[in-house]
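*Asks:* This is what each chain is made of:
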Amino acid sequence: MASIALRGVKKNYGKTQVVHGVDLDFASGEFVVILGPSGCGKSTLLRMIAGLEEISDGTIAIDGTVVNKLEPRERGCAMVFQNYALYPHMSVAQNIGYSLKVAGIPVAERTKRIQAVARTLELEHLLDRKPMALSGGQRQRVAMGRAMIREPKVFLFDEPLSNLDAKLRVQMRSEIRKLHRRLSATSVFVTHDQVEAMTLADRLVVMNGGRVEQVGTPAEVYSRPASRFVATFVGAPAMNMLEGEVTLDGLSLLGGSRKLGVSRAGLPVGSKVAVGIRPEAVRLVAPKTPSALEATVDLVEELGAGRVIYVDLDGAPFSVVTSETVHPAPGNTVGLQFAEGDLHFFSSETGSRLDVFKASVPEPAL
Amino acid sequence: MVERTPFLNLFTHVILFVGFVFCIAPFVIVAIAASHNIKDVNDVPMSLLPGSDFWINIQTAWTTADLGPKLLNSFIMAFGVAAGKVIISALTAFSIVYFRYPGRTFIFWLIFVTLMLPLEVRIVPTYAVVANVLEPYQTIMDLTGLSWLIEKVSGVHVALNLGMLNSYPGLILPLIATATGTFLYRQFFLTVPDELTEAARMDGAGPLRFFIDVLLPLSRNNMAALGTIMFLWAWNQYLWPLLITTDQSHATAVTELKQLIPNVGGAPEWHIAMAGTLIIMLPPMIVVVLMQRWFVRGLIATEK
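Top to bottom, those sequences are chains P and F.
With this note's numbering, the residue at position 287 of the first sequence is 287, and numbering never jumps.
Position in the second sequence counted from 1, then plus 366, gives you this note's numbering.
If you are wondering where the hints come from, they were derived from the structure by calculation, not from laboratory data.
Where is the CB? At the ideal position from N, CA and C, for every residue including glycine.
Treat the hints with care, since some could be wrong.
Claimed, not checked - Each pair of labels, with its calculated beta carbon distance range:
#, chain 1, residue 1, chain 2, residue 2, range
1, P, Lys69, F, Pro502, 55 to 63 Å
2, F, Gln658, P, Gly104, 53 to 61 Å
3, F, Val654, P, Lys15, 50 to 58 Å
4, F, Phe377, P, Glu122, 54 to 62 Å
5, P, Asp312, F, Arg370, 53 to 61 Å
Using the sequences provided together with the hints, build the complete structure.
*Replies:* Below you can see the structure in the form of structure tokens.
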């Protein structure tokens, strides 16, 4: 178990900077998930912690020791790779035990520890096989075993589930979670899959463009996204965003076609904001209901447990998730209703969250 | 693509068969000639029915050319070249692919240039160096005045001399240093996924450990292919062994074959020469047959 502290960590490749000064603290035993779109620098950050990439600037400390100049093996980290990276010519047992062999641990003890790890991961009957003769899920487990056997202070996961099929992914997800509960080693898990991120994380780090956008528990990140990027990236379908402008009596949306009665709380008239509302927070009501926005249905997606309804709100795309039995058909007019507390406001310029607004009930416009 | 074209199938097989006959015919003739006696072998045209003196001719060839020790010499040389080549190729390719150091590109091109300078082109300087391996150092010391300085200070006249004529290292070493193997290995190392390298680093393996535990086992097929090619190539070397083995004790089988080929004015003992050829051809053939499976895999398939 170990805490990790990142201070002003930067990474350049030549003149291109891919990580722009990241400050993060991971507590001992915590399961942290770094979430972001591809190319946001999340893997680079992980690889810098592992020691596979040089740190261009800043420091990374594990358990209070700055590890910038240390070799991967000296940092006490173990890593699970996306493509598993098993040694193709070694058996499962040899793969798992290789780090112990390198460390010069005698065969007897090595065998004992390999057996123990194999038992935990239910790999005992596969120990003599070559990686080629294993299924994707089994390879994944061998990769985990290889990381576990060293009893590392820190576990690093680089999108380890993205090569598995959907069902296996859910299963491995819960296995990783269980494993963490038992070993309680500090874990850093990189992914672009938000479901993975939400379900696994004690704490979520959302990254974009080489910067940290938000750090918080999954619930915090979901309910109070710190920026417009986080708001639209976390949650599926994505949060609806409507462009608006501050007016004397509240907000005018979509070039003035709709109005929202909120107090403008000191923002100058004319400043641009974005209003976000989660598809799950919108209720479908009959058209002409007081205080509901009217929209035309474009497309209905059946999910089994509910439906995603894509509507057109004066040219702006808008989605609603509903589990009610209403069954609107494309072309129908529906009413959209939402609670004021479910609205999120972001600055159109910086994209950061604005908590200055006190939303009131949206007025039926036009 | 599966095609059912009986005529085309037949046609391709005919072409294959004709090619096969072209390839095998000289060997058959050699074998037949080796079974005749001196009279039959010099008939024009020679009878294509095998004679009955095959084993006698083989024995005569063996004793006349003293093939026992010569074959051993050939084997030591060919095996030494093949092994040395495999090792040095793997090491240089490892350095070029996995390390970033100043002058890497320069060294890469230096190796590349050796492709254009085969032994035959640089045979005179190579001979000079093998005659005295330390000659270049001596020259440098002479030119810089270092040897003069040493002589003045200590009274010792510096004359470095390490000759490798008539020795196995002399036969083997100059044949090892060429670039083909390095490129074969480089191509292979480039296909090894980076994540494997990183996994080894995370497991705590240093570069040498990674090389021995991961890269070498993975390149077994490559080794077999390169080793086989180099064994054949070295076995068939004629010019270099002829040049540096003035002493019979280090002569190779291929140079000794010359002894069996009738001189002008000598008895036309072509049956003996052919028998000798057969014997000398045998070891490389055995190597090819044994290594064939690995050899083909190493050249065409990438095991992923």
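*Asks:* Hint by hint, note whether the structure agrees.
*Replies:* Okay, the hints, checked on the actual structure:
no. : hint                               : in the structure
1   : P:Lys69 with F:Pro502: 55 to 63 Å  : violated (41 Å)
2   : F:Gln658 with P:Gly104: 53 to 61 Å : violated (40 Å)
3   : F:Val654 with P:Lys15: 50 to 58 Å  : holds (54 Å)
4   : F:Phe377 with P:Glu122: 54 to 62 Å : holds (58 Å)
5   : P:Asp312 with F:Arg370: 53 to 61 Å : holds (58 Å)
Hint violations for this structure: numbers 1 and 2, all remaining hints satisfied.
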